[in-house]
Amino acid sequence: MRPIGAGGSGNVCELKRSMPRQIGLLAALLAVVAIAYTFKGYFGAGGPAASRLGGGGPAILAGAPAQSYPVKSLDGATDALDRYRGHVVFVNLWATWCAPCRSETPDLERLYTAERSKGLVVLGIDQGESPGAARDFAREMHLDYPILLDEAQQYGRAYAAVGLPTSLVVDPSGHIVRGIDGQLTLAEMHDAVDSVLQSARTVR
Amino acid sequence: MSDYGNRALAGVAAFGGIALVLAQDAVPTWAGFHTWQYAATVALAIVTVAAYALSARRGADGPLGIRLGIAAAGAIVTMSAGIASGLLGPDTETVTRAPGTVAPLPDVGAAGFFPAADAAAIARGDAAIVIRRRDGSAVEVGPGTRRFFGTVALETAPQPAAYVEARDPRGDRVTITQPTGVAFLSPVLLFAERVTIAGHALPSDTFATPALHRQIKAFYFSKESATVAQSHGLGGREAVLFAVDDDAGRLQPGGIGFVPSGGEATIGGVRFRVSVGTYPALVISAVPDPLALLVGGVLLAGGLAFAFRRRSPQANKRAADRASPELT
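In order, the protein sequence lines correspond to chains B and D. Number 362 in the numbering used here belongs to position 37 of the first sequence; there are no gaps in the numbering. Number 181 in the numbering used here belongs to position 83 of the second sequence; there are no gaps in the numbering.
One chain only, chain D, in its complex shape (with noise of 0.2 angstroms):
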C-alpha cells in the first residue's frame, strides 16, 4: 500500500476508533461496550494508528507522517481509555430501592439516597435521587438527566411503582410487609418481577399483611395493558390487580381483583387503596476516563494543528532550501 494510502488507513482508524470510544459517552447504557468484539474493534483501530505512527517516525510517510505522530499518541491514549472503560469497567446495573433509603455505590465512591415518597410522589414519577460523596458533595439525578462521576455515567429510569395501603374490615390501617421485596416496611411495591398472563408480561410484586394473616400478589396494569381489561371498569386507567391469599396459600373468596390508580376495593377481606406511577432506579454505567479523554483530545487537536498548521512561504522557502540546497 502507498505512503498516503497507509496514512488515510490510519486515519480512517483512528476517527473510527475515536468515534466508537465517544459513543460510550452518549449511549453508555448499551451492552455492547463491554462486549470482546467491540475491544477487538477498537484494538484493532490502535494497533493500525501504532503501525502507522512507527513506520511514519522511520520517515517513510515523509515530514507530514513525522508530525502526524502526536495526533496518533492522542488517538491512541483515547482508544485506550475506550477499551479499558468497555473491559474493565463496571457492566451496566441497574439500582432498584425502596422510597427513603440509601445504596451504597462503591464504583461511583458515593452514596445513592432515594427519596422519600408517599402516593402523591409516586403517582407524579418525578422523584429525583441524590448522589452524596464522602467529600460531602452532592448532585441530583432527576428524569431525563444524566451525571457523570469520573468513569461512570448514570441516570435513572423510571420503574412502575405503586404506592399501597391496607386496612382491615373495620377500616383501620394495618402495616405492609415485603419479606422479598427491596425493602421490608415499604408500602411501595416497584414490581422488580415479571409473570405472563394471557400474553402480557406482567410486572409483579408480593407482600404481606401480617395483621390480618393475607399474604398478597400485585400485577401491575399500565396505560396500555389496562385496555384488555376495560370489563373491569379500568376506563383506560392504571391499575392493580391483587390475588390475597392466606398465611397457608389459600386464595380467599371475592380474593382477586383490580384496582385502579386512585380508587379503592375489597378484595379477599382486605381494602386497598392504591396510587399507581413510577419511582425511579439508578443506571450506571461505565465511561470512559475524562481525564485521558482531555490529554487524548489535546495530544490529537494539538498534533494535527501542529502537522497541518499553515506555514509562512519565507519559512518553506528556508525549509526548502536547506533540504535541497543543490536545487537553490
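Chain B extracted, bound-state conformation (with noise of 0.2 angstroms):
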C-alpha cells in the first residue's frame, strides 16, 4: 500500500475528487481579483505620474483655515488673527523696506475707513522687523488700522508668500478665501472684500 502524498495517478483522481473543486476555483478567483485590485490601485488618482507636490503662492490656501499665531501689537500687548473671529478680516503682510508695501498702505488706509463700519477689520502684519521701525512707519502714514508685529515671520511661512506684500481675505469663520501676492489698487482691494462682506451680512 502506497501513503497518499507519495504520486501516483490514482492518488490524484482521489484528491481530485476529495478537494472540493470550490476551493480551488476560489482561491485562483480570490488571486486574479487580488492582483487586479493591487494594480488598478496605481492609475487610480492619475497613475505614477500624478503630481506630488502643488504650486506655490497664496492663492492655492483659498478654503483653508487661516493659522493665527500669537504676536506682539504696535502697543506692546500680544495680539493674533484669530482675535478678529466673526469680523471679515482683509490681512496684509508688508515691511518698511518694501517699497510696494509703502506706496499700498494709504489705500489700506481709505478701505480700513470706508468699511469698517461693515465689519471689516484691515490687519497689517509686518515681517521680521524691530518694533521701532514699524512703529516710526505706522506714525508717518497715520495708519488706524490695527498693526502686528510677526519678528519670527510665521505669518508669512504660514501664508505661502512668494514676495511682498501678500494679502489674503478671511471670512468670519476664520477661513481664507482668497490669497493675492502683490501690490492692489484700492478698487482690487474693494473687489476682493465686498462680496464677502455681503455674504457675512446676509448670514447674519
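Derived by calculation from the structure, the hints in this document are not laboratory data. Think of the CB as a built atom: it goes at the ideal place given N, C-alpha and C, for glycine as much as any other residue. Take these hints with a grain of salt, some might be off.
To be verified - Derived list of chain B stretches under chain D, where covered just means 3 residues or more per stretch with a C-beta under 8 angstroms from a C-beta of chain D:
hint : segment
1    : 351 to 364
2    : 394 to 405
3    : 453 to 459
4    : 468 to 479
5    : 485 to 495
Join the two chains, each given in its own frame, into one complex according to the hints.
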C-alpha cells in the first residue's frame, strides 16, 4: 500500500475528488481579483506620474483655515489673527523696506475707513522687523488699522508668501477666501472684500 | 528535472520572491526596488511558481502538488503586489518644506503639516510632521518612526538647519527673505544645496536682508567639519559660515566669518545670531499594497496548512483504499 501523497495517478484522481472543486476555483478567483485590485490602485488618481507637490503662492490657500500665531502689537500687547473671528479680515503682510508695501498703505487705510462700519478689519502684519521701524512707519503714514509685529515671520511662512506685499481675505468663520500676491489698487481691494462682506451680512 | 526538484525550485522561487517583496516594507527607501532588475527577478519567481502550479494541477507532482496550488496562488498574489509597487509606485521622494508650512501629498491622499520651529526647536531637532488625511484623521511622523499609509511608507530624515536672526548696526531686527528657498519669508535655512570647499562638501543656502541691501551665502559646518576650522575658535561646535555681498554681488569688507551655534557675530555690517540643528524632511516611499499582502498571506498560509495537514491514520487508510482498491 502506498501512502497518500507519494504520487501516482490513482491518488491524484482521489485528491481531485476529495478537494472540493469550489476551493480551488475560489482561491484562483481571489488571486486574480487581488492582483487586479493591486494594479488598479496605481492608476486611480492620475497614475504614477501624478504631480506630488502643488504650486506655490497664497492663492492655493483659498478655503483653508487661517493659521493664527500670538505676536506683539504696536502697543506691546499680545494679539493674533484669531482674535478677530466674527469679522471679515483683510490681512496684509508687509515690511518697511518693501516699496510696493509702502505705496499700497494709503489705500489700505482708505479701505479700512470706508468699510470698518460694515465689519471689515484691516490687519497689517509686519514681517521680521523690530517694533521701532514699524511704529515709526505707522506714525508717518497716520495708520489707524491694527498692526502686528511678526518678528519670527510665522504668518509669512504659513500663508505661502512668495513676495511682499501679500494679502489675504479671511471670512468671519476664520477661513481664507482669497490669497493675493503683490500690490493691489483700492478698487482691487474693494473687489476682494465686497462679496465676502455681503455674504457675512446675509448670514447675520 | 524530477517532480520533487520542480517543487523545490518553485518553493525557493516563492519564498525568495516573497522575501524580496517584504524587504520593501523593511527598507522602503532603497532605490533598487524601482529598477527593472528587481521587477525581472520577482517576475521570474512568479513565472516559476505559476509553471509549477499549472503542471501540478495536471497531476505532475501528485496529490501534494495539487494541494499546493492554493499556496502557489498566495505566493503569486504577494509577489505581484511587490512588482506593482516597484514598477508603478512613486520613486522615493524627499519633501523639504519650511517650518509652519503645508505640503499637499497626492500620493498619500493627505497633506503634510510641517511644524513651526523656533531657534530652540531647531537646536533640539525633535520636530514631528503631522499627516492629515481628507477625512480629518491625523498621525504624527516623528524622528525614528515609520508610518504606513496604504501603498506608501512615511518617515522623516533630519536635515541640517539653522535659525538665523539678522540685525542692523543699530541692533534692530531686519526681515530675512529667501527668494530661491523653500519659503520666501523664513528665517530658517534648510541648506538644500551642496558646495565643495577645500575638499569638503558643505550644505549651503542663500538668503537676503532687503532692508540692508545684502545678499548672503551660508555654509553649514557640522561638528565634524567644524574641527577643520578650529582656528576660528569654534571648538568643535556646529557653525554657519556667512559670506555677505551687497545687491550688486560685491563682497563687503569683513564680509566672511563664522558664527557658532548659539553665538552672535557681526559680518559685513550685519549682526547674525544663529541656532544650528536639524529640521525634518518627509521621505515618501512606495510599499506593496497591504490588502494584497494580506490576501496573499492568507492564501499562502492556508494553502500550506491544507497541503501539509496531518490526517488521521483512518482517513489516510480510507483514502488509500479508495485510490488503490486492488491492493486491499
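Status of each hint after checking the structure:
With 9 residues bearing a CB less than 8 angstroms from a CB of chain D, the segment 351 to 364 of chain B meets the requirement of three and the coverage assertion stands. Note: the segment 394 to 405 of chain B has 1 residues with beta-carbon separation from chain D under 8 angstroms; the three-residue rule is not met and the coverage is violated. Taking a C-beta to C-beta cut-off of 8 angstroms, the segment 453 to 459 of chain B contributes 5 residues in contact with chain D, enough for the three needed, and the coverage statement holds. With 4 residues having a beta carbon nearer than 8 angstroms to a beta carbon of chain D, the segment 468 to 479 of chain B meets the requirement of three or more and the stated coverage holds.
Here's how the segment 485 to 495 of chain B fares: 5 of its residues keep a CB closer than 8 angstroms to some CB of chain D, so the rule of at least three is met and the hint holds.
Of the numbered hints listed earlier, the single one contradicted by the structure is hint 2.
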